[in-house]
Amino acid sequence: MSTPTVEKHSAALDAVEAGSTKLINVTFRIRRFNPEEHPDPVWVDYQLEMDPKERVLDALNKIKWEQDGTLTYRRSCAHGICGSDAMRINGRNRLACKTLIKDVNPEKPITVEAIKGLAVLKDLIVDMDPFFQAYKDVMPFLITSGNEPTRERLQSQADRERFDDTTKCILCAACTSSCPVFWNDGQYFGPAAIVNAHRFIFDSRDEGAEQRLEVLNDREGVWRCRTTFNCSEACPRGIEVTKAIQEVKRALVTRRF
Amino acid sequence: MSIETKDLVVPSLQAHTGQGLGTGNPAEAFVVEPARARTKKTPRRTRTNFEMLAWLFMRLSGVVLVVLVLGHLLINLMLDGGVSKISFAFVAGRWASPFWQMWDLLMLWLAMLHGSNGMRTVINDYAEKDATRLWLKGLLGVATVFTVVLGTLVIFTFDPNI
Amino acid sequence: MQIHQYDTVIVGAGGAGMRAAIESTQRSRTAVLTKLYPTRSHTGAAQGGMCAALANVEEDNWEWHTFDTVKGGDYLVDQDAAEIMCKEAIDAVLDLEKMGLPFSRTDQGRIDQRRFGGHSRNHGEAPVRRSCYAADRTGHMILQTLFQNCVKHGVEFFNEFYVLDLLINEGKTAGVVAYELATGEIHVFQAKAVVFASGGTGKMFKVTSNAHTLTGDGQAVALRRGLPLEDMEFFQFHPTGIWRMGILLTEGARGEGGILRNKDGERFMERYAPVMKDLASRDVCSRAIYSEIRAGRGCGPDGDHVYLDLTHLPPEQLDAKLPDITEFARTYLGIEPYTDPIPIQPTAHYAMGGIPTNVEGEVLSNNTDVVPGLYAAGEVACVSVHGANRLGTNSLLDINVFGRRAGIAAAAYADNHDFVELPENPGALVEALVEGLRESTGTESVAQIRKELQESMDTNVSVYRTGKTLQQAVEDVTALKERFKNVAIQDKGSRYNTDLLEAIELGNLLDLAEVLVVSALAREESRGGHYREDFPTRDDVKFMQHTMAYREVAEDGSTSIRLDYKPVVQTRYQPMERKY
Amino acid sequence: MPAGTLYRGREGMWSWVAHRVTGVLIFFFLFAHVLDTALVRVSPEAYDSVIATYKVWLVNLMEYGLVAAILFHALNGLRVVAVDFWAKGPKYQKQMLWTVVGIWVVLMGGAFYPVLQHTLRTWFGG
Ligand SMILES: Cc1cc2nc3c(=O)[nH]c(=O)nc-3n(C[C@H](O)[C@H](O)[C@H](O)COP(=O)(O)OP(=O)(O)OC[C@H]3O[C@@H](n4cnc5c(N)ncnc54)[C@H](O)[C@@H]3O)c2cc1C
Ligand code: HEM
Ligand code: SF4
Ligand code: F3S
Ligand code: FES
Chain Z
1 MSTPTVEKHS AALDAVEAGS TKLINVTFRI RRFNPEEHPD PVWVDYQLEM
51 DPKERVLDAL NKIKWEQDGT LTYRRSCAHG ICGSDAMRIN GRNRLACKTL
101 IKDVNPEKPI TVEAIKGLAV LKDLIVDMDP FFQAYKDVMP FLITSGNEPT
151 RERLQSQADR ERFDDTTKCI LCAACTSSCP VFWNDGQYFG PAAIVNAHRF
201 IFDSRDEGAE QRLEVLNDRE GVWRCRTTFN CSEACPRGIE VTKAIQEVKR
251 ALVTRRF
Chain P
258 MSIETKDLVV PSLQAHTGQG LGTGNPAEAF VVEPARARTK KTPRRTRTNF
308 EMLAWLFMRL SGVVLVVLVL GHLLINLMLD GGVSKISFAF VAGRWASPFW
358 QMWDLLMLWL AMLHGSNGMR TVINDYAEKD ATRLWLKGLL GVATVFTVVL
408 GTLVIFTFDP NI
Chain W
420 MQIHQYDTVI VGAGGAGMRA AIESTQRSRT AVLTKLYPTR SHTGAAQGGM
470 CAALANVEED NWEWHTFDTV KGGDYLVDQD AAEIMCKEAI DAVLDLEKMG
520 LPFSRTDQGR IDQRRFGGHS RNHGEAPVRR SCYAADRTGH MILQTLFQNC
570 VKHGVEFFNE FYVLDLLINE GKTAGVVAYE LATGEIHVFQ AKAVVFASGG
620 TGKMFKVTSN AHTLTGDGQA VALRRGLPLE DMEFFQFHPT GIWRMGILLT
670 EGARGEGGIL RNKDGERFME RYAPVMKDLA SRDVCSRAIY SEIRAGRGCG
720 PDGDHVYLDL THLPPEQLDA KLPDITEFAR TYLGIEPYTD PIPIQPTAHY
770 AMGGIPTNVE GEVLSNNTDV VPGLYAAGEV ACVSVHGANR LGTNSLLDIN
820 VFGRRAGIAA AAYADNHDFV ELPENPGALV EALVEGLRES TGTESVAQIR
870 KELQESMDTN VSVYRTGKTL QQAVEDVTAL KERFKNVAIQ DKGSRYNTDL
920 LEAIELGNLL DLAEVLVVSA LAREESRGGH YREDFPTRDD VKFMQHTMAY
970 REVAEDGSTS IRLDYKPVVQ TRYQPMERKY
Chain X
1000 MPAGTLYRGR EGMWSWVAHR VTGVLIFFFL FAHVLDTALV RVSPEAYDSV
1050 IATYKVWLVN LMEYGLVAAI LFHALNGLRV VAVDFWAKGP KYQKQMLWTV
1100 VGIWVVLMGG AFYPVLQHTL RTWFGG
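If you read the sequences in order, they're chains Z, P, W and X. If you're matching positions, the first sequence starts at 1 in the working numbering and goes up one per residue. If you're matching positions, the second sequence starts at 258 in the working numbering and goes up one per residue. If you're matching positions, the third sequence starts at 420 in the working numbering and goes up one per residue. If you're matching positions, the fourth sequence starts at 1000 in the working numbering and goes up one per residue.
Same shape as in the complex, but just chain Z (with noise of 0.2 Å):
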């Protein structure tokens, strides 16, 4: 078994090893909003050394930490799983912790604002009550009926399998603040709320699809999406959010889950 079987380097490895660390110089254009300070939002732009491949939050601390300590986001695990940082990048939704400089043309000047459509607090920081208040009316909690069995429901590799894409939802709201519906009606539940519908829609074990479905029938509901796919662009955990929102519209039409 111990075998040497590490001698195929690829240069994408040997790359990464050699550890390139030639800085570049890169401006990032920030749309600054503090109402304590100016009713309107600024563009301010700030100047500095980054390695390509570090990422845009890299960036976003380096300049909270070296040059303006006031500019204020929101982030945690800084790679991608806690759903802290959505922000639009070059006028797309993307997790700053999972952008790297050298993917958005760092070229130019990388434009960075608050996700649109949900109220902007301060910098890139927004509101995020509304979106979650959508999330809750779609009761993402399972929904069962009779006795509790005594070890685990038994559920099929393939029933699993089902609703696997939209366990993933990390509730970052890129793609509901992507979505041209809800920028304009914001009482749109969004697509971020479909899919947590769908993980329990399309659940073997769950009792409450119809109830699910019929909240999802509402004039605010799945009718309300144009199919834009902006949404599925966004989405930084690769979900098929389209996908999932046709299927809980078939649902919806034929009444089979």
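These aren't lab readings, by the way, just hints derived from the structure by calculation. There's no promise every hint is true.
[To be verified] Taking lysine-lysine pairs in the DSSO-like style, the calculated list, with each CA pair at most 30 Å apart, reads:
no.: 1; chain 1: W; residue 1: K870; chain 2: Z; residue 2: K22
no.: 2; chain 1: W; residue 1: K904; chain 2: Z; residue 2: K62
no.: 3; chain 1: W; residue 1: K682; chain 2: Z; residue 2: K62
no.: 4; chain 1: Z; residue 1: K53; chain 2: W; residue 2: K904
no.: 5; chain 1: W; residue 1: K904; chain 2: P; residue 2: K297
no.: 6; chain 1: W; residue 1: K870; chain 2: Z; residue 2: K102
no.: 7; chain 1: W; residue 1: K904; chain 2: Z; residue 2: K102
no.: 8; chain 1: W; residue 1: K682; chain 2: Z; residue 2: K53
no.: 9; chain 1: W; residue 1: K571; chain 2: W; residue 2: K625
no.: 10; chain 1: W; residue 1: K517; chain 2: Z; residue 2: K136
no.: 11; chain 1: X; residue 1: K1054; chain 2: P; residue 2: K342
no.: 12; chain 1: W; residue 1: K571; chain 2: W; residue 2: K506
no.: 13; chain 1: P; residue 1: K297; chain 2: W; residue 2: K517
no.: 14; chain 1: Z; residue 1: K62; chain 2: W; residue 2: K506
no.: 15; chain 1: W; residue 1: K517; chain 2: Z; residue 2: K53
no.: 16; chain 1: P; residue 1: K297; chain 2: Z; residue 2: K136
no.: 17; chain 1: P; residue 1: K297; chain 2: P; residue 2: K394
no.: 18; chain 1: Z; residue 1: K102; chain 2: X; residue 2: K1090
no.: 19; chain 1: Z; residue 1: K136; chain 2: W; residue 2: K571
no.: 20; chain 1: Z; residue 1: K136; chain 2: X; residue 2: K1090
no.: 21; chain 1: Z; residue 1: K108; chain 2: Z; residue 2: K22
no.: 22; chain 1: W; residue 1: K911; chain 2: Z; residue 2: K22
Bear in mind the structure is a predicted one, so any value in this text is a computation, not a measurement.
Given chain Z, put chains P, W and X with the ligands in place with the hints provided.
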């Protein structure tokens, strides 16, 4: 929206002193707020399938319209010299046949309903105030009924010998 | 300043906090204060799994699990607590399943289980499949499922509230003081019972798997209020963090068959742990990796890392079982784990120590007495089920078992007791802290001090320690603490002032780093996660006991750390030499 | 307030924008078209005189635009239906969009002469 973006780009290290505007706590007064945010009271269940039926209708009518509209365009605008041939006589000739009468009638109804339901969506999206939305939809409704009724009357009461 | 009243207040909405909240909300009026939106908690980063002797795929029982836990913890584990945890593990997993957690399944539709480091059959004979998992997103699923159930039970959350002080009046818990991030307002929460569940302290290290927000606030608050911290010198370094970044690659990767290799391609773990090989416990693997690096067998131009090799595993298996970590390698390193080995190095991961509690989650104020109404659970606490080294998967277990217990116990306590009067001027300490920083005209920068702290900790207090490096660390931390007094912040506003909070968090890290290094310096032996090159063997005669560190304030206001020791509870298992 | 940057949506978003714009355009045209056709109830002369404006080159050109709009709306509408009802639809939405654009270009090329023949003839004889 009127201010030039460029003018407000300020060099880093300058603007933000954190001192505030000196008006107590102005924070509440200014937020970049979207219209119509969801609140705890938002879900007003409609409990009807109206939206679903409208959605289905859009798709069904769309598919049927492909045949009707494209057929219509083909005949009226492309075949036989295109638009130059169209005249009262041409219309009279067409509507002499119940087939073309039905064709145009169906097309009228489907297209109008499809179109006005589509417009309803557009209004729902862009009209932010409840009152505006109500007015626009009212207007849309009147226009739709008027058009459909007028069109239907025209097709049925058409008199080639006027 | 606002004053609120709740029967039970829970600090933290990670796995432990929310598990407690689900229980206590059903029994008492509960508020959960959390500095992050609940789903942002770092429990969501956990990948590998949660062990329980379900015996769904092969023979197993909770007694073997207990043995592995005790042995994994290098016999510093309180065995009564470990027994409870391993016994209740089975129900803990089943409870989660009933709450809706989407576990990966076996062919028969049962919860699937896989191998994990240090978990063995029949007292160390061979690796056993004990870890229940949901691909490599177990923590994510636990966090989501618990949050979903909190929504179901209508748990009251106060999001983005930083708890900065604990109120104790006449020896009894009176409440907590919190800072509201959105407004800068200070809130006093009067409570009959308080549960601390505020997570770990990994950010005192540079290369760490921990989130930016894991700054040990709970531990620091307790310490400042005169409570002891137990076993803080034991910090776990996970063998497989992405090189230089520290992002974790789960042990489940090795559970699925992944192999550690040095620059010659050798599976070096065979030399260090002939039976368990790559699945030896974490401290053993981390030391082995550094031994290889020191012996010049590290990979890369600087020879400062080794490889986690998954290339022999079928791509379908990687996609099904390890989708997230393979994506991390692609995103952050730009390499393809199907064909390339992944450069890794040990990464600071988990604090075994914390606020001492008994098995009901009650916080101890010394070796024997509890603080009435005060509870702790999760990584912030030290029960101690992890001893000197936590086994993989046992933390997700810990937060569920002891989170639940603490929630029930706290609600029961609240039911039987009255509010304790608030001390006079309850917000004073926090106000002074906040105002002091806001008004400071100092010259030191938070980021600079934090960077130096992290660098010193990485060089001096890592996997290998000696008296000399620890002494150096003590000096560094003391100097940094002194400089911290002169720190200034740029943001003076009250709305979302994260600049201010980062400074407060750094203060917490400094306090805890001091406890850690002082405790480590005094422990002149090697045990589990604490390895002293100058004392390379375990010394059961002198050190088979828990460290209890107290912060003492001298009359002139200066502080120091006083160490005491607490005996280990041993029931069934006598200490043996630890071999894997 | 300085505007935020435009959201850089991709194919899906822009095709929806186009679908919406064309839909609204067609709706207004249809409205007008029913009104003008209603003139057949008034008198043949009134009708013919209005129809004559359709034969002005500029209007004829706009007709070509209308055909373009309807064709795009119709084809993309079919794509939307496919996205909705075909399980693999969302996955192939981009390919379907490019197919729609392809067919549209071909058809518009094909319709160039037939639709504009009136204008072309008045301009170039024939
Ligand atoms: C990358 C990674 C992978 C892991 N994988 C595994 C694994 O596979 N198996 C396993 O068993 N264990 C694993 N662990 C360990 C385990 O996940 C953690 O120890 C455990 O999740 C800690 O849970 P917790 O509830 O105590 O804290 P956390 O989940 O960290 O939550 C802390 C909570 O406290 C709140 N908080 C903190 N400070 C304050 C304050 N001052 N005021 C108010 N609220 C505050 C935060 O907002 C947060 O809600 C892993 C850890 C990491 C880092
Ligand atoms: C020719 C065949 C047609 C097809 C296949 C078709 C198809 C569709 C479909 C599927 C939709 C729904 C889009 C969605 O829900 O996102 C739609 C929307 C719409 N259609 Fe049509 N349609 C056709 C003709 C027409 C006509 C003739 C009109 C004008 C009267 C029209 C006006 C509209 C409008 C205004 C919308 C709403 C657009 C929006 O909400 O973005 N369509 N069409
Ligand atoms: S579906 Fe994707 S984009 Fe939307 S909230 Fe969930 S993880 Fe974020
Ligand atoms: S972006 Fe919006 S319109 Fe539908 S496909 Fe996604 S929810
Ligand atoms: S910081 Fe957690 S997702 Fe980016």
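inquiry  = Would the hint linking K62(Z) and K506(W) be met if the CA-CA limit is 30 Å?
reply    = Given that 30 Å is the threshold and the Cα spacing comes to 47 Å, the pair is violated.
message = Does K136(Z) sit within 30 Å of K517(W), going by the straight-line distance between their CA atoms?
response = holds (20 Å)
query = Taking 30 Å as the top limit, are the C-alpha atoms of K517(W) and K53(Z) close enough?
reply = Cα-Cα ~43 Å, so violated.
Restraint check for K904(W) with K102(Z), where alpha carbons must lie at most 30 Å apart = The hint is violated at about 39 Å.
ask   = For the pair supplied as a hint, K682(W) and K62(Z), is the alpha-carbon distance within the 30 Å limit?
value = violated (34 Å)
request  = Verify the proposed pairing of K571(W) with K625(W), using a straight-line Cα cut of 30 Å.
outcome  = The hint is violated at about 39 Å.
task = Take a quick look at whether K870(W) and K102(Z) sit within 30 Å of each other, Cα to Cα.
result = Distance of about 25 Å is within 30 Å: holds.
ask   = Going straight from one Cα to the other, do K136(Z) and K1090(X) come out at no more than 30 Å?
value = Holds, at about 29 Å.
Given hint K297(P) paired with K904(W) - CA-CA distance at most 30 Å = violated (45 Å)
request  = Please work out if K136(Z) and K571(W) have their alpha carbons no farther apart than 30 Å.
outcome  = holds (9 Å)
query = Does K297(P) pair with K136(Z) here, judged by a C-alpha cut-off of 30 Å?
reply = Answer holds: K297(P) to K136(Z) is near 9 Å, not above 30 Å.
query = If you draw a straight line from the CA of K911(W) to the CA of K22(Z), is it 30 Å or shorter?
reply = Measuring from Cα to Cα gives roughly 36 Å; hence the hint is violated.
This entry does not satisfy hints 3, 4, 5, 7, 9, 14, 15 and 22, going by the numbered hints stated previously.
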